[in-house]
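The lines below spell out each chain.
Number of protein chains: 2
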Amino acid sequence: MGVEAIWPELVALLGDRVTRAEAERGAHGGSESYFEPMLPDAVAYPATTEEVSALVKLCAGAGVPVIGWGAGTSLEGQAQAPSGGVTVDFRHMNRVLSISQGDLTARVQPGITREELNEELRATGLFFPVDPGANASVGGMAGTRASGTTAVRYGTMRDNVMALEVVLADGRVIRTGSQARKSAAGYDLTGLFVGSEGTLGLITELTLRLHGQPEAVTAAVCGFDTIRDAVQAVTETIQMGIPMARIEFVDHATVEVFNAQSGAGMAEMPHLMVEFHGSPSAVEEQARSFGEIAADHGGHGFVWAADAQERRALWTLRHNAYWAIVAARPGTRAVVTDICVPISRLAEAVEATQADLEAKGIRGPILGHVGDGNFHVILQFDPSSPTELEEVKAASHRMVDLALRLGGTVTGEHGIGIGKLGFMDREHGDGWAVMAAIKQAMDPGRILNPGKIVP
Amino acid sequence: MGVEAIWPELVALLGDRVTRAEAERGAHGGSESYFEPMLPDAVAYPATTEEVSALVKLCAGAGVPVIGWGAGTSLEGQAQAPSGGVTVDFRHMNRVLSISQGDLTARVQPGITREELNEELRATGLFFPVDPGANASVGGMAGTRASGTTAVRYGTMRDNVMALEVVLADGRVIRTGSQARKSAAGYDLTGLFVGSEGTLGLITELTLRLHGQPEAVTAAVCGFDTIRDAVQAVTETIQMGIPMARIEFVDHATVEVFNAQSGAGMAEMPHLMVEFHGSPSAVEEQARSFGEIAADHGGHGFVWAADAQERRALWTLRHNAYWAIVAARPGTRAVVTDICVPISRLAEAVEATQADLEAKGIRGPILGHVGDGNFHVILQFDPSSPTELEEVKAASHRMVDLALRLGGTVTGEHGIGIGKLGFMDREHGDGWAVMAAIKQAMDPGRILNPGKIVP
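Protein chains in written order, with the working numbering: chain A, 1 to 455; chain B, 1 to 455.
It is possible that some hints are incorrect.
[Said to hold, decoys possible] Within a straight-line C-alpha distance of at most 20 Å, the following computed DMTMM-like cross-link-like pairs (lysine to aspartate or glutamate) qualify:
#	chain 1	residue 1	chain 2	residue 2
1	A	LYS393	A	GLU358
2	B	LYS57	A	ASP430
3	B	LYS57	B	GLU36
4	A	LYS57	B	ASP430
5	A	LYS360	A	GLU388
6	B	LYS393	B	GLU351
Since the hints were derived computationally from the structure, they do not count as laboratory data.
Construct the entire structure; sequences and hints are all you get.
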């Protein structure tokens, strides 16, 4: 059986909001990264939880895969459809349902993007801090346990999702968590769904933790002579407990691209990009403490971005780094990979990665959320070369080896998807079998995003 | 079958570290709260993960229940043995295995108590912040997802456990999480075990997040004319984002006991007890901001405790409240219950609870970690009365109703155990069935702490 068998019911349920058109299927089978397209058989655009539930029941009855789709910004092929099925695009479920100023929370639908959400929050004095760079949907961010530049201060999606509404594999709808700030009432189902990449259920509503817009914000960039100097400054800053709002590393190669593509005018050396949030006096104190640590490690050429426009320019530069790096070498593509290591091993990890890339002659700018011990490499390859893709994949595998050897994890924030499935056994051992047992218990028909996370 | 069938193997494994002596069984079958004793058939004192694994394999083979035991401070009967079996007391697994100053982490065994851990950390400049009051074991705290006075600033056990070693129901040993500060590599098994009350596995090692000892600490108490005034001050403080290290509420009845039992000399009215952590200037700024909010709500009679000894006296008073309240009425016992509601509903919840108790003539001092929306009532009863226990239980059930009606949870930090099993269905609906499916997948023989959390 397949979508064909339930097509009349799907059309009866969703009308013209379900399609098998080639263009729609093609638009939902790709990836921002290096994976080959894997198309679903159909794409659905439900508008309500009830429609999602009914759709899942139909698919469950026919053994048809169901794959969630937010903004299509995942990097490890999370939303591709290796076994076909129905991709559920949440674009029509993109509303803010309620905002509680008193509780610093918002109930939202999964299809809203983080930029849309923050736009809606602007007048409230609150904001949603998790910022993976891409303008991802919050449902997708929850699915991948996204984090990004501000996680060092505000945490990841794990820390900022309080409650969920989820459609299970048999179409039942459950609510996890509560509107209270903590609970000890049984297993943490909210935490289980966050990071499950749509393999255990489809998220149809989220209660998110909001934060007050800081009274004062200051950002800065500063240069360092060596990667080790920059990274040591980060490590020491974290160890000192300075509450950085962002602390990002970009290497020499990334700065070159910033200069060439955006006229950034930065000295061509490794840089840290930092931001401080708080009261005016707290921000001043943090900036002074960070400045002292940076100076101890030879940091120089501080450029401060005090006003909102300068700060926006700074972070736009950072967020567009991937595209700028790829665009700087027309015709190339890239494997974007991320690992996360203990802070104490970060300098060693970044240096070893750079040395490995140099030794192999691979171009791979390094940048990342180093306050969490998390960094990315944008491994560029020429798609017309018969060997380059395999060479950069091998380099990314060596990064994984390194992360595990240093007590870290194969991905800090990009998730598993298709790209890192092969490393789950090595990272988790029998814990992977536990994940498989949970999957089997919650989705015995294996219809939810098959081919991801579990064997 | 039962323990009898595997007794020779248990003795061969553990020698005199396993016993069926009545006194030992009795010491492991009680509860700090109102539950009747439910004794295990035997008590084991393993010294290594390998011994725990071997013990669980033996028990699994014979269908014998296995119940973890830390310091025996749980409040909902979590460690009682309604189906008998072997209670695993972790007192010999109480070492700090390693401390990483650079990563702000410690690897510890589950039997160490939080006070022992902080004693060992003293010279490092780091501390472990989670403080439920009782000197609980960290394994037990993870099992119950404990929190306490400092959760408002440092989070609960959910936020402060990074990685675990766990013995599964079939004796396999897995490691969850990593030494990195975040990960997106599959299901969050660490988060699943935290709060599972030993029903999914036995924790044999924890990697805990540590924090730098704050440069400056100041604490204070201040009085309010009404409960509503005090609670409104808390709500506003949280909404303003002031990073309180502790913000505790004690009602008039609790203050009476403090004065009578400890000569606290406090005005007999509701009080807040607060603490600020940070740099000297940050602490000063926080204290000033809080003072302004308190004044807006009629807070008065501030008493500051700047030195460590005064602060210790203050928090000892708070931590011993339960015992002091019970001791103040010799011959009484108490049902200690906790609920947690959204901050915006906190004043309503506390007032409604007090009004209900007054209407029913039940003595129940109210106190709690109100910065999280979490409060406790110590419902006193005369054990010789034929009706009082049922009356206070009924009052605690009305609190549960209230919590759920206000969008909260039936327990903020005490957990489910035996005492709140009857409310799981109402709080979670089909989510409880999901928990049961996970339990079934991970412990098909139902040997791990049977009778807790799931149906």
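Structure-based check of all given hints:
Between LYS393/A and GLU358/A the CA atoms are separated by roughly 15 Å; this keeps the pair inside 20 Å, and the hint holds. Distance restraint check for LYS57/B and ASP430/A: the Cα-Cα separation of roughly 16 Å lies within the 20 Å cut-off, and the hinted pair is therefore satisfied. Restraint check for LYS57/B and GLU36/B: the C-alpha separation of about 30 Å exceeds 20 Å, so the hint is violated. A threshold of 20 Å between alpha carbons decides the hint, and for LYS57/A with ASP430/B the separation of about 16 Å falls inside it, so the pair holds.
Among the hinted pairs, LYS360/A with GLU388/A is consistent with the structure: their alpha-carbon atoms are about 11 Å apart, no more than 20 Å. At roughly 19 Å between alpha-carbon atoms, LYS393/B and GLU351/B fall within 20 Å of each other, so this suggested pair holds.
Going through the hint list in order, the structure does not satisfy hint 3, though it satisfies all others.
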